[in-house]
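K.L.:
Taken in sequence, the protein lines are chains Y and C. Residue numbers for the first sequence follow our numbering, so the first one is 1 and each next one is one higher. Residue numbers for the second sequence follow our numbering, so the first one is 1 and each next one is one higher.
Do not rely on the hints blindly, as some may be mistaken.
Copies of the same chain look alike in the list, so a pair counts if it works inside one copy or between any two.
Unchecked claim - Capping the alpha-carbon separation at 25 Å, the derived lysine-lysine pairs in DSS-like fashion look like this:
1) Lys-65 with Lys-21
2) Lys-21 with Lys-36
3) Lys-65 with Lys-36
Calculated directly from the structure, the hints in this document are not laboratory data. Quantities reported herein were computed from a predicted structural model and do not represent experimental measurements.
Protein chains: 2
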Amino acid sequence: VNTAPERTDGPPDELVANVFKRACTSRAALEDVTGKWASLALMALGEGSHRFGELRRHVDGVSEKMLSQTLRALERDGMVTRTVVSTLPPRVDYALTGLGVQIATALRGMADVLEDAVPDIAEARERYDSEA
Amino acid sequence: VNTAPERTDGPPDELVANVFKRACTSRAALEDVTGKWASLALMALGEGSHRFGELRRHVDGVSEKMLSQTLRALERDGMVTRTVVSTLPPRVDYALTGLGVQIATALRGMADVLEDAVPDIAEARERYDSEA
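This is chain Y alone, in the form it adopts within the complex:
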């Protein structure tokens, strides 16, 4: 009789990161980077570092409060760095970390697909609404 413990192919399930699982850090991080303003802020920073005001102009429609809340969450997750430059008045520059660059690149790829698909999306919506 074989009494050896069952072979497993890796660590137990609960130790493997999985965005589908409610309690996983990666799921919370996914929600942070895909938030309404976070995805746009990351893509804007993907074009280069920006000051707060520049970012705000770039991300059409964001309020000062929402943008600073968004940037704080992204800084906390290690996606964005915040650098105070001691000019007069002091300047605050935001930039992506290595991890932030990877996420911004994936988001930008998705945005490119969506921008190219605008005619298809508009047509799909018209069809859906006319059938409703």
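Use these hints to put chain C onto chain Y, whose structure you have.
P.N.:
This is chain C only, laid out in the frame that chain Y set:
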């Protein structure tokens, strides 16, 4: 004197799709696919077509109401198809369109990055919180 109209390199700005612009269809579509449940539903469907109940089990924590609302929005945008199979009782299958596959692939790439980065994200959060 040169009175010729200025040369432009393409269509006027307001006719170019741009996710940064509030009024652009691509911005609304970006919000649809990056929604809290939409990104997970798209990734789940990226693994193959699913029935409603299967999808619900896969996307840990989603309510029936939120999942059906999410799927309707994705169907309307032309990302997801809904097929009623006339078994007894009838079965409803959800699958990705070509556009949905492209979006799901980009989202999955991002999720892979986040899953691999869990230790870094956790460390960044601890550091941020200890400095606050």
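K.L.:
With reference to the structure, classify each hint as holding or not holding.
P.N.:
Status of each hint after checking the structure:
For the homomeric pair Lys-65 and Lys-21, the shortest alpha-carbon distance between copies (19 Å) is at most 25 Å, but the shortest distance inside one copy (30 Å) is not. For the homomeric pair Lys-21 and Lys-36, the shortest alpha-carbon distances inside one copy (21 Å) and between copies (13 Å) are both at most 25 Å. In the homo-oligomer, the alpha carbons of Lys-65 and Lys-36 lie at most 25 Å apart both inside one protomer (14 Å) and across protomers (21 Å), since each shortest distance falls under that limit.
Of the numbered hints stated above, none is contradicted by the structure.
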